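Asker: Generate the whole structure from the sequences, applying the supplied hints.
When we follow the working numbering, the leftmost residue of the sequence shown carries the number 36, and every step to the right adds one.
There's no promise every hint is true.
Heads up, simulated DMTMM-like pairs for lysine to aspartate or glutamate below, C-alpha to C-alpha not over 20 angstroms straight-line [to be verified]:
(1) LYS128 x ASP151
(2) LYS168 x GLU118
(3) LYS168 x ASP200
(4) LYS168 x ASP216
(5) LYS72 x ASP151
(6) LYS210 x ASP151
(7) LYS242 x GLU219
(8) LYS135 x GLU118
(9) LYS256 x ASP47
(10) LYS168 x GLU245
(11) LYS210 x GLU254
(12) LYS168 x ASP234
(13) LYS203 x ASP151
(14) LYS210 x ASP226
(15) LYS210 x GLU245
(16) LYS72 x GLU132
Just so you know, these hints were derived from the structure itself, not from any lab.
Because the structure is a prediction, the values reported are computed rather than measured.
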Amino acid sequence: MAELPPNLRTRDGQELGPERANPHLALVAADVSTQTKVEFPNMAPLYWRDSDSVNPAMYVRASMSIPGFFYPLRIAGVPQGNEAQARWQTLAKYGEEPPKVCTFVDGGIMSNFPIDLFHVPAKVPAAPTFGAKLGPDKRRSAKIDSAPRLGAAVFRSASHTLDYDFIKRNPDYEKLVAYIDTGEHGWLDFDMSDEAKVDLFIRGARKAAEFLTTFNWEEYKDIRGLKKELYTRAQEE
36 MAELPPNLRT RDGQELGPER ANPHLALVAA DVSTQTKVEF PNMAPLYWRD
86 SDSVNPAMYV RASMSIPGFF YPLRIAGVPQ GNEAQARWQT LAKYGEEPPK
136 VCTFVDGGIM SNFPIDLFHV PAKVPAAPTF GAKLGPDKRR SAKIDSAPRL
186 GAAVFRSASH TLDYDFIKRN PDYEKLVAYI DTGEHGWLDF DMSDEAKVDL
236 FIRGARKAAE FLTTFNWEEY KDIRGLKKEL YTRAQEE
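Answerer: As structure tokens, then:
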């Protein structure tokens, strides 16, 4: 992750090296045992004594445990004691004694587009965080006339509410997110045909080209500069 493309520079013309870029990985899972939105690998020490030895595939397994399609991931032997409880308080704001076994499901049930993990409100970033979101850029009403449709609507509401709220409170992120129209392709289509895969790829490539050629860097800097000023003023007050 420290191997960046050559000749990257920040908005002030300086080279964007690994130290300044500070690249990091964030995989989100839902710990339903403690109702915690978990960011791996940052919060891995909560669940494993030797978290550095954990295969990153385990984080992915936790993150994609879609209820009803994959078995939940259960982690036994969760560290206990005062030191462990202090970590839970620091990393998860969880003040109770941690359970000995934690159960994970797909992080999307809490936050399906966790771009907020890369947000730093107190400054204008040296380089912005771009996001690619699958699906429409607006909420749509759902026809709820049966128990299955009600369940689906509840799931969609739970998985998107935090993300919608974050973007609403941080309008600068509306400038950073590309919304990819996936057409009739569903996110649970595990048997997608080759033709469908090509169509989905083309949709993403077209949106990427459109987004990168129309992104207004100067407008974004103005919005972030104003936001930083308001944030600083609020902190002083």
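Asker: Against this structure, judge whether each hint is valid.
Answerer: Hint by hint, here is what the structure shows:
Proposed proximity of LYS128 and ASP151 is supported: the alpha carbons are some 17 angstroms apart, at most 20 angstroms. At roughly 38 angstroms between alpha-carbon atoms, LYS168 and GLU118 are farther apart than 20 angstroms, so this suggested pair is violated. Our distance criterion of 20 angstroms between C-alpha atoms is met by LYS168 and ASP200, whose separation comes to about 15 angstroms. Straight-line distance between C-alpha atoms of LYS168 and ASP216 comes to about 9 angstroms, which keeps the hinted pair within the 20 angstroms bound.
For a cut-off of 20 angstroms, the pair hint linking LYS72 to ASP151 stands: about 12 angstroms separates their Cα positions. Taken as a hint, the LYS210 and ASP151 pair is honoured in the structure, with Cα atoms around 14 angstroms apart against an allowance of 20 angstroms. Taking the CA atoms of LYS242 and GLU219, the gap is near 16 angstroms; set against the 20 angstroms cutoff, the hint holds. The hinted pair formed by LYS135 and GLU118 meets the criterion: a straight-line CA distance of about 15 angstroms does not exceed 20 angstroms.
Straight-line distance between C-alpha atoms of LYS256 and ASP47 comes to about 12 angstroms, which keeps the hinted pair within the 20 angstroms bound. A hinted pair counts as satisfied when its Cα atoms are at most 20 angstroms apart, and LYS168 with GLU245 qualifies at roughly 14 angstroms. The straight-line distance between the Cα atoms of LYS210 and GLU254 is roughly 9 angstroms, inside the 20 angstroms bound, and the hint therefore holds. Distance check on the hinted pair: LYS168 and ASP234 sit about 17 angstroms apart at the alpha-carbon level, within 20 angstroms; holds.
For the given pair, LYS203 sits about 12 angstroms from ASP151 by alpha-carbon distance, which is consistent with the 20 angstroms threshold. For the hint pairing LYS210 with ASP226, the CA-to-CA distance comes to about 34 angstroms; that exceeds 20 angstroms, so the pair is violated. Using a Cα cut-off of 20 angstroms, the hinted pair LYS210 and GLU245 holds, with the two alpha carbons roughly 13 angstroms apart. Only pairs whose Cα atoms come within 20 angstroms are accepted, and LYS72 paired with GLU132 is accepted, the gap being roughly 17 angstroms.
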